[in-house]
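Asks: Line order of the protein sequences matches chains A and Y.
Position 450 of the first sequence, counting from 1, maps to 450 under the UniProt record's numbering, and the rest follow consecutively.
Position 669 of the second sequence, counting from 1, maps to 669 under the UniProt record's numbering, and the rest follow consecutively.
These are calculated hints, taken from the structure and not from any lab test.
You may find that some hints are simply not true.
If several chains are the same, the list does not tell them apart, and a pair holds so long as it fits within one copy or across any two.
Using 30 Å as the maximum straight-line C-alpha spacing, the simulated BS3-like pairs for lysine-lysine come out as follows [unchecked claim]:
no., residue 1, residue 2
1, Lys356, Lys569
2, Lys565, Lys133
3, Lys565, Lys453
4, Lys551, Lys353
5, Lys133, Lys91
6, Lys569, Lys551
7, Lys624, Lys91
8, Lys39, Lys634
9, Lys352, Lys91
10, Lys569, Lys634
11, Lys569, Lys353
12, Lys565, Lys356
13, Lys356, Lys551
As the structure is a computational prediction, the values presented were derived from the model and not from experiment.
Each chain, letter by letter, is given below.
Number of protein chains: 2
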Amino acid sequence: METMTLTWIAFFAGVISIVSAGIFLAIVLRESMGTSRMKELSDAIFEGAMAFLNRQYRTLLPIVAVITIVLFFVDPSLFAHGAEGAESLPKTALPISFLVGAISSALAGYAGMISTTKSNARTTNAARTSLGKALTVSFRGGAVMGLSVAGLALAGVSGLFLVYGNPVVINSFAFGASAVALFARVGGGIYTKAADVGADLVGKVEAGIPEDDPRNPAVIADNVGDNVGDTAGMGADLFESYAATSIAAMIIGNSILGIEGVIFPLLVGALGIFAAIISTFFVKLNDDEGNPQTALNIGLWSTNAIIGVGTYFVASYLFGDNSLGIWLALLFGLITNIAIGYLTEVYTSYHKKSVKLIAEASLTGPATNIIKGLAVGLRSTAAPMLVIVLAIGGSYYVAQELANGFGIYGIAMAAMGMLSAAGMVVAIDSFGPVADNAGGIAEMAELGPEVRKNTDKLDAVGNTTAAVAKGFAIGSAALTAMALFTAYAKSADLSAINLLDPMVVVGLFIGATVPFVVASQAMDAVGRAAFEMIEEVRRQFREIPGIMEGKAKPDYARCVDISTKAAIKEMVAPGALAIGTPIVVGFLLGPLALGATLAGATASGVLIAIFMSNAGGAWDNAKKYIETGVHGGKGTDAHAAAVIGDTVGDPFKDTAGPAMNPLIKVMGTISLIIAPIIAALF
Amino acid sequence: METMTLTWIAFFAGVISIVSAGIFLAIVLRESMGTSRMKELSDAIFEGAMAFLNRQYRTLLPIVAVITIVLFFVDPSLFAHGAEGAESLPKTALPISFLVGAISSALAGYAGMISTTKSNARTTNAARTSLGKALTVSFRGGAVMGLSVAGLALAGVSGLFLVYGNPVVINSFAFGASAVALFARVGGGIYTKAADVGADLVGKVEAGIPEDDPRNPAVIADNVGDNVGDTAGMGADLFESYAATSIAAMIIGNSILGIEGVIFPLLVGALGIFAAIISTFFVKLNDDEGNPQTALNIGLWSTNAIIGVGTYFVASYLFGDNSLGIWLALLFGLITNIAIGYLTEVYTSYHKKSVKLIAEASLTGPATNIIKGLAVGLRSTAAPMLVIVLAIGGSYYVAQELANGFGIYGIAMAAMGMLSAAGMVVAIDSFGPVADNAGGIAEMAELGPEVRKNTDKLDAVGNTTAAVAKGFAIGSAALTAMALFTAYAKSADLSAINLLDPMVVVGLFIGATVPFVVASQAMDAVGRAAFEMIEEVRRQFREIPGIMEGKAKPDYARCVDISTKAAIKEMVAPGALAIGTPIVVGFLLGPLALGATLAGATASGVLIAIFMSNAGGAWDNAKKYIETGVHGGKGTDAHAAAVIGDTVGDPFKDTAGPAMNPLIKVMGTISLIIAPIIAALF
């Protein structure tokens with residue numbers, strides 16, 4: 001087939017994915033929302049979520065506008081390094097690609113947030129019938145996000161390639177996605193934890209009312225936060241990884257293999273989408289005593305299996321004798337996917353030793369709980385790093401030795417292989433907040449315990465899938481950063497970044513420091529934002545008469561507003577550091593130092609991401625483990641210590657840890673964009 | 001002058017330093033120990049300290065013996081890379097250098113520990129007369145350690161160079177020092193915190209008796225621990241830095257500048273020793289209302305000033321036109337010394353904002369205290385890393401541009417400049433445990449409040465000097481690691497370590513992970529060792545009748561024994577990882593990957609060291625700040641929260657953080673030793 005025909009296949013796969021998302025959404029919307037109280041609650045969450053998204057995108061608007069205008073004045077031929085035909089690109093290529101990237105990511109965010117916040121009460125209502133029905137509704141709600149992310153990303157990348165015929169220039173598509181991801185991930189992370197801490201600390205601890213109690217003014221903000229963090233944040237994060245990886249793979253493929261190397265990543269993406277759509281049909285519970293986790297696992301495994309088998313044939317078709325090496329490289333990505341998910345469970349599940357040890361350490365108080373949790377988190381970096389290192393080394397090796405010296409392309413293919421499953425991973429991850437909200441609505445609408453039992457089962461599964469998706473997001477961010485790093489070096493025409501050059505060491509040290517500082521900023525931001533929320537909740541309890549008796553309605557919207565404003569304000573500093581560091585290092589110290597900065601930031605960023613998300617997950621589950629009755633259960637000193645650990649873990653796992661992914665990718669994307677400019681300067 | 005004559009000057013400077021240490025010790029020993037009770041307590045601490053050292057060195061003995069024997073079978077000519085004459089070295093050169101390094105470091109440890117534990121009661125007794133007298137005795141007690149470390153290191157290095165005439169081979173001197181440092185730092189860190197936590201948790205919290213109460217069975221172990229951590233640990237750490245840096249500088253100097261480049265670092269060391277000896281006379285209090293901190297600062301500043309001026313003339317004499325660049329490079333080291341000390345204070349002093357914010361966060365409970373402390377620690381990495389980066393970049397630049405392209409030598413000189421002040425830094429650091437113990441003895445011997453007031457003043461100063469010395473140790477470890485890294489590349493004949501080679505990235509990621517795992521191991525080790533101690537203290541309170549009434553004497557020796565055994569046992573795993581990683585990476589993945597492993601480990605090791613030691617210091621002082629009466633003072637919830645933060649900070653600042661220094665240096669030293677072997681294999 002002609003190469004352009006193949007690109008059209010990828011483009012249509014993207015479109016099909018978007019259409020499927022629309023169909024799933026329509027099916028979900030046909031379900032009933034239950035009682036008027038349930039509808040009212042769901043609407044409040046929906047409105048809060050939209051308020052956040054609107055404000056976020058409104059804040060982004062001037063930034064996007066300025067960048068778009070700047071890109072109009074950048075000569076696209078600057079990006080001609082290593083790719084032919086870039087000289088003849090129209091002046092609009094860069095700004096349009098950038099805009100498409102930003103808008104596509106924003107659209108995916110809207111689609112996903114509409115879907116998850118519209119599915120929550122419907123899931124609650126379905127849970128009144130059966131667990132199986134509730135799983136179906138909530139999973140479909142999540143699948144809308146998954147298919148939107150994968151579909152919009154693939155359609156965007158392949159569409160721009162069809163229009164401009166040059167992969168180099170459309171890295172500004174990835175830049176657009178990066179800008180949105182940085183906001184969504186960091187801002188979303190701050191939002192969700194500010195609301196969570198505010199709701200918990202004043203509601204549960206001070207006022208002594210249960211979780212998800214409608215009398216708590218921050219309860220809607222808290223429920224919005226679940227969607228803002230896990231759906232919008234994770235979705236934008238993986239959209240960015242998807243866009244950046246496919247473009248980096250296309251740039252590398254173009255320079256090593258020519259047009260086949262450009263087409264292949266797009267076809268892998270197309271296969272991933274078909275695999276995800278097919279696999280959605282396997283996610284169901286035939287029997288109400290079945291385990292929802294198993295159903296979701298089957299969906300994930302079947303997606304990986306279809307991709308694994310399918311890509312073998314695509315590779316054979318495109319690469320002939322070289323296909324085995326490239327295909328095996330891709331498999332390394334799929335294996336990484338599974339291995340990291342498994343390792344996340346080892347360190348964060350309460351059926352495993354690490355979490356049990358943290359629970360045990362809670363017996364001697366909060367200090368020992370914290371020390372043990374930090375130790376578990378720090379140690380948990382080793383195995384996933386080994387997996388990532390094996391994926392990098394292994395994919396390089398097979399593509400170098402079994403294919404015709406295509407090692408670097410092999411690494412990009414491992415990243416692409418991992419990300420091709422993104423549609424399903426995001427679907428499963430977005431299912432989490434739907435289930436979580438469904439439980440909250442059941443509680444707030446005062447439905448019976450049998451409903452709550454069903455939603456609790458889904459919610460418990462959602463916690464596991466969230467942890468696994470976090471592992472996936474970190475692993476894919478690491479491989480994406482590697483791919484961006486390689487593409488950067490190609491784009492800046494660097495043949496070597498020599499660690500024996502002191503300037504390179506300087507760059508490495510600077511890069512490695514950035515994640516430490518951003519993690520600190522994120523944690524401080526949560527502290528400050530939560531403080532504002534606490535003050536507001538206290539004020540409402542104090543000033544609104546009848547609120548505690550359930551006679552007066554709290555002002556939910558104000559709490560939503562506070563979280564939203566705080567999140568937007570607090571993400572400026574880490575955002576500036578992420579964008580500013582590569583620019584300052586690049587223009588001051590040159591392209592070699594900047595390359596090392598990327599390597600350093602990736603190494604320490606991935607380590608901190610794993611450390612923080614696993615420590616946070618482990619603390620959370622140590623608390624839950626004690627709540628099952630171990631060590632005396634709730635009300636004991638051990639439980640109190642575990643609650644403190646969980647509170648420390650919250651900004652770890654939901655704000656600072658996830659912020660590392662867009663951080664290292666944004667740094668890579670910005671570097672890739674300025675690469676030709678600084679290469680010309682130095 | 002002839003080069004050998006100059007080397008003799010360095011050797012004699014070392015000897016003079018050792019003799020001065022002996023004189024200081026003799027002067028201190030002439031002082032009275034006060035009452036028989038004071039003598040008894042001091043003797044118990046002395047015996048505990050000796051028991052620890054004896055056991056530690058006994059454990060080391062077989063390891064040292066095996067390495068010595070192995071080195072007998074290594075052909076010294078393997079180390080001929082880049083240096084002439086190595087082929088003609090006798091077969092005994094390697095094992096003898098190694099033995100001398102290990103024994104010298106051990107001797108310095110003994111000298112220092114004897115001195116500080118013999119000075120404590122004498123300081124208490126002097127405090128009965130005046131603050132000034134107490135400062136003089138305690139500082140002299142510390143100076144014995146400082147002068148022993150600097151003197152033995154310089155005499156060892158220059159002595160071996162006089163015997164063998166080749167700097168390459170005597171890197172096994174540094175290896176010997178490394179072996180001891182790893183044990184002393186990691187084992188000492190575990191010892192001191194196990195004893196501290198055990199004494200505090202059961203004594204202060206459970207039994208409600210004050211700190212340093214003689215009824216507490218762990219009180220002697222706790223006092224021993226102060227010496228084991230700050231004196232033996234810090235001393236061995238800086239001995240190792242000193243040895244490794246001077247040898248690395250000599251190797252680099254030899255290959256770039258010839259014999260002058262080899263001699264210069266030795267003369268810088270000699271100057272540092274003279275500067276330290278002269279400056280000891282400035283450390284005194286003329287007036288009893290004076291500030292001991294100012295007196296110590298004058299000692300430190302005068303040391304730096306003498307080195308700064310003196311090296312100008314030495315450089316002019318040796319290098320003529322090239323001297324300015326080399327001298328300025330050295331100044332970068334002295335400035336780093338001062339800047340890092342200042343920054344440590346910014347983040348850990350309770351007169352500054354960071355600590356105050358942690359204290360404020362304690363008002364909302366332990367969780368917010370912990371989050372804020374972690375955020376402060378993470379953020380505090382930025383400025384010191386910038387200082388280190390400026391030192392690396394700046395010293396390279398001046399030596400490259402102002403001297404004849406001697407950039408790499410410039411970096412080594414910055415490290416040497418920083419370390420030349422080690423004699424004074426260790427003296428001031430070792431003064432800390434003397435003052436701390438003196439206060440403990442005053443308490444246990446039930447001396448009046450006016451004595452305690454004087455020792456408290458000294459103790460408060462000791463906390464600051466300990467923090468500053470920690471910063472110094474980290475900064476110098478970073479520069480030492482850089483020097484070792486450069487020397488490694490020379491020794492393995494590497495002309496480039498290219499980050500675009502995936503194997504190099506793999507090495508980088510592995511290296512960056514090691515410090516995370518070792519930090520985890522160290523924290524877990526403290527937890528386990530403290531647990532044993534807690535059990536033992538509880539048992540003694542339960543089983544020894546009359547212990548709480550002060551009628552029966554607790555079994556101090558058993559507690560000392562438990563800490564000692566636990567420390568030795570628990571340091572096996574991190575030690576194995578430190579030594580094993582370079583060997584496995586080197587022989588499996590080759591010299592390029594190993595080079596990157598060193599770079600990655602240095603970057604993340606230094607970051608974790610700064611993060612943990614500053615977070616720990618900040619938590620400690622936030623507690624002390626509240627104890628001054630702020631936020632309600634002792635007995636409030638805020639204070640309880642701050643105590644939890646301090647407990648988490650203990651293994652951070654005294655075990656895991658300091659363990660990073662020997663970790664990155666040992667990895668560098670081992671790599672340097674196996675460099676020629678793996679270079680020949682790959």
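Asks: If a hint holds in the structure, say so; if it does not, say that too.
Replies: Hint check:
no., hint, in the structure
1, Lys356 with Lys569, "between (38 Å within a copy, 24 Å between copies)"
2, Lys565 with Lys133, "neither (37 Å within a copy, 60 Å between copies)"
3, Lys565 with Lys453, "neither (35 Å within a copy, 51 Å between copies)"
4, Lys551 with Lys353, "neither (47 Å within a copy, 44 Å between copies)"
5, Lys133 with Lys91, "neither (52 Å within a copy, 79 Å between copies)"
6, Lys569 with Lys551, "neither (34 Å within a copy, 63 Å between copies)"
7, Lys624 with Lys91, "neither (57 Å within a copy, 63 Å between copies)"
8, Lys39 with Lys634, "neither (33 Å within a copy, 51 Å between copies)"
9, Lys352 with Lys91, "neither (57 Å within a copy, 53 Å between copies)"
10, Lys569 with Lys634, "neither (37 Å within a copy, 36 Å between copies)"
11, Lys569 with Lys353, "between (40 Å within a copy, 22 Å between copies)"
12, Lys565 with Lys356, "between (39 Å within a copy, 26 Å between copies)"
13, Lys356 with Lys551, "neither (43 Å within a copy, 42 Å between copies)"
Violated hints, in rising order: 2, 3, 4, 5, 6, 7, 8, 9, 10 and 13; the structure is consistent with all others.
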